[in-house]
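**Student:** For reference, the chains in residue letters:
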Amino acid sequence: MDAIIDLLQQNALMPRSDMARLLNMSTEEVEAAIAKLEADDIILGYKPVINREKWGTEKVTAVIEVKITPERDGGFDRVASRIAKFEEVQGCYLMSGGYDLLIIVEAANLRAAAAFVAERLSTIDAVQATATHFRLKTYKENGTFHHFDVSSERLSVTP
Amino acid sequence: MSIAIAEHIKGIPRSGIRDFFEIVQSMSDVISLGIGEPDFATPWHIREAAIYALERGRTGYTSNLGLPRLRRSISDYIQKHFGIRYEPLSEILVSVGVSEAIDLALRALLNQGDEVIYHEPCYVSYAPSIVMAGGVARAVTTRADEGFILHAEELEKAITPRTRVLMLNFPTNPTGAAMDPEELEKIAAVCVKHDLVVLTDEIYSELTYEGRPHHSIATIPGMRERTVLLHGLSKAFAMTGWRIGFACAPAELIEAMMKIHQYSILCAPIMGQDAAIEALDRGEQSVNGMRREYEMRRNFIVSSLRDMGLDCPSPRGAFYVFPKITSTGLSSRDFSLRLLHEKKVAVVPGPAFGSGGEGHVRCSFATALDQIKIAMVRMAEFCRELKA
Numbered sequence: 324m325d326a327i328i329d330l331l332q333q334n335a336l337m338p339r340s341d342m343a344r345l346l347n348m349s350t351e352e353v354e355a356a357i358a359k360l361e362a363d364d365i366i367l368g369y370k371p372v373i374n375r376e377k378w379g380t381e382k383v384t385a386v387i388e389v390k391i392t393p394e395r396d397g398g399f400d401r402v403a404s405r406i407a408k409f410e411e412v413q414g415c416y417l418m419s420g421g422y423d424l425l426i427i428v429e430a431a432n433l434r435a436a437a438a439f440v441a442e443r444l445s446t447i448d449a450v451q452a453t454a455t456h457f458r459l460k461t462y463k464e465n466g467t468f469h470h471f472d473v474s475s476e477r478l479s480v481t482p
Numbered sequence: 005m006s007i008a009i010a011e012h013i014k015g016i017p018r019s020g021i022r023d024f025f026e027i028v029q030s031m032s033d034v035i036s037l038g039i040g041e042p043d044f045a046t047p048w049h050i051r052e053a054a055i056y057a058l059e060r061g062r063t064g065y066t067s068n069l070g071l072p073r074l075r076r077s078i079s080d081y082i083q084k085h086f087g088i089r090y091e092p093l094s095e096i097l098v099s100v101g102v103s104e105a106i107d108l109a110l111r112a113l114l115n116q117g118d119e120v121i122y123h124e125p126c127y128v129s130y131a132p133s134i135v136m137a138g139g140v141a142r143a144v145t146t147r148a149d150e151g152f153i154l155h156a157e158e159l160e161k162a163i164t165p166r167t168r169v170l171m172l173n174f175p176t177n178p179t180g181a182a183m184d185p186e187e188l189e190k191i192a193a194v195c196v197k198h199d200l201v202v203l204t205d206e207i208y209s210e211l212t213y214e215g216r217p218h219h220s221i222a223t224i225p226g227m228r229e230r231t232v233l234l235h236g237l238s239k240a241f242a243m244t245g246w247r248i249g250f251a252c253a254p255a256e257l258i259e260a261m262m263k264i265h266q267y268s269i270l271c272a273p274i275m276g277q278d279a280a281i282e283a284l285d286r287g288e289q290s291v292n293g294m295r296r297e298y299e300m301r302r303n304f305i306v307s308s309l310r311d312m313g314l315d316c317p318s319p320r321g322a323f324y325v326f327p328k329i330t331s332t333g334l335s336s337r338d339f340s341l342r343l344l345h346e347k348k349v350a351v352v353p354g355p356a357f358g359s360g361g362e363g364h365v366r367c368s369f370a371t372a373l374d375q376i377k378i379a380m381v382r383m384a385e386f387c388r389e390l391k392a
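Top line first, the protein sequences correspond to chains V and L.
Just so you know, we're using my numbering here: the first sequence kicks off at 324 and counts up by one.
Just so you know, we're using my numbering here: the second sequence kicks off at 5 and counts up by one.
Don't take every hint at face value.
Said to hold, decoys possible - No more than 20 Å apart at the CA atoms, straight line, and that leaves these computed lysine to any residue pairs for SDA-like: (1) L:Lys-377 to V:Met-418; (2) L:Lys-377 to V:Gln-333; (3) V:Lys-382 to V:Ile-427; (4) L:Lys-377 to V:Ser-340; (5) L:Lys-348 to V:Glu-476; (6) L:Lys-263 to V:Arg-339; (7) L:Lys-377 to V:Ser-479; (8) L:Lys-348 to V:Thr-481; (9) L:Lys-348 to V:Ser-479; (10) L:Lys-377 to V:Asp-396; (11) L:Lys-377 to V:Asp-329; (12) L:Lys-377 to V:Lys-463; (13) L:Lys-377 to V:Lys-382; (14) L:Lys-377 to V:Ile-427; (15) L:Lys-348 to V:Leu-478; (16) L:Lys-377 to V:Ala-355; (17) V:Lys-463 to L:Ala-45; (18) L:Lys-377 to V:Ala-335; (19) L:Lys-377 to V:Leu-336.
It is worth saying that the hints were derived from the structure and are not from the lab.
Working from the sequences, and respecting the hints, build out all of it.
**Tutor:** Here it is as structure tokens:
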């Protein structure tokens, strides 16, 4: 199972017949294993890794540190799920350290992101404070490099 | 004027690989399965450690035997992974790749006319190294149907009163053969009986598959005192260009090898030695990751070659497959040349690795999977067209 997950993490679109050859399995076995990972909610989805600079989109991404007051019943979970449900929120993590939630927000533009923080996030009762950081450039995302600078000068035949 | 070249050098043939390389170099868009080095760059943490060492100005000569700190790392690494201990101060020499260590050991051991037995098909440098050290090279041909392992009986048949050294290389380039402990014990018994020194090139020892462990002949009782264990960083750590190898052997032999090394090389480059410390101390995870990747590619290439109707045993180690191509009706050389010209895929003809290589070609899977995939599609077309 781990080997299949590793391969999917490298390239979720790899043909299942190739995966079968790599893992000494049959294509049917690979398909069944992936179906099971999906059915068991171990694999929740597949997303492309996008180079936003080339895409030329106006969208902005902000990383927001959020301090919240936990509740007597449910701790951080209820507030976290309330925040996570906003469409703009792409990621939401409970963190150790100086703040509680780290959320990743994608908005149509800077103004929309600011409005989300000011009008949606900060107005939640349990939210004590926020610190918003905007992404300027992506170098590596989900294990994929965005700016390749690799040269290979291997000889074509060596002993 | 023509410069007279020494007779013993004139007599050494050029490497068959070199000829082939020159043809490949003259063509464009070739996918090469002919490369005997990892396609991975050296893991970043190792490169980063080397950069740090350079920043601190570590750019000088080192002790002839190599940095003491590196020799301690080698000693610990060999003890952990091979189960045998060598004394860092007197029993380990850091060389410029395993190739130099082989040369040093042969020159330190051989008198003119002494014989050295090695198994073929094998790495291209063994026979010339023996000859250049004044020895006589005696090949024992290993057989495909026996997994290219060396049998004690075959070894014993090749021994003469002049035989001094046995050279071993398991896992083997180009066949991927590996030896089980029982077979190694029989070889060891023959070596003890005939008082042979063993040079064992174990450069591929980390790259064994299906979870099978590597066994070194040096660990067999009675062998440590007559064995030179040769290893290096090139293959498992993807560090070919750093040129760091090492020899572990009894102190008196290391001392003799050091004399030659000291006057010819002085020391291995310090940049490589600093990188090697990081690799040996903290590189295990990187090696494991690369091994997993090689194993998957091995599975892929073996199953693809079998689908083409080629007889291709799954190699137990290293990163080469050595399929039999006689069913195509072509010689190794014709197969390789036609595949290169008609489909632009480079493989190395088996006879480049000596006797027993005819009828085979070597395909390296130290090549990115997307390249291997294209190569396999083209090779399958080639084989289909040959049958048509």
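**Student:** Give a verdict on every hint.
**Tutor:** Results for each hint:
no.: 1; hint: L:Lys-377 to V:Met-418; verdict: violated, 43 Å
no.: 2; hint: L:Lys-377 to V:Gln-333; verdict: holds, 16 Å
no.: 3; hint: V:Lys-382 to V:Ile-427; verdict: holds, 13 Å
no.: 4; hint: L:Lys-377 to V:Ser-340; verdict: holds, 12 Å
no.: 5; hint: L:Lys-348 to V:Glu-476; verdict: holds, 19 Å
no.: 6; hint: L:Lys-263 to V:Arg-339; verdict: violated, 57 Å
no.: 7; hint: L:Lys-377 to V:Ser-479; verdict: holds, 17 Å
no.: 8; hint: L:Lys-348 to V:Thr-481; verdict: holds, 17 Å
no.: 9; hint: L:Lys-348 to V:Ser-479; verdict: holds, 12 Å
no.: 10; hint: L:Lys-377 to V:Asp-396; verdict: violated, 55 Å
no.: 11; hint: L:Lys-377 to V:Asp-329; verdict: holds, 19 Å
no.: 12; hint: L:Lys-377 to V:Lys-463; verdict: violated, 26 Å
no.: 13; hint: L:Lys-377 to V:Lys-382; verdict: violated, 37 Å
no.: 14; hint: L:Lys-377 to V:Ile-427; verdict: violated, 38 Å
no.: 15; hint: L:Lys-348 to V:Leu-478; verdict: holds, 16 Å
no.: 16; hint: L:Lys-377 to V:Ala-355; verdict: violated, 23 Å
no.: 17; hint: V:Lys-463 to L:Ala-45; verdict: holds, 18 Å
no.: 18; hint: L:Lys-377 to V:Ala-335; verdict: holds, 17 Å
no.: 19; hint: L:Lys-377 to V:Leu-336; verdict: holds, 15 Å
When each numbered hint is compared with the structure, violations occur for hints 1, 6, 10, 12, 13, 14, 16.
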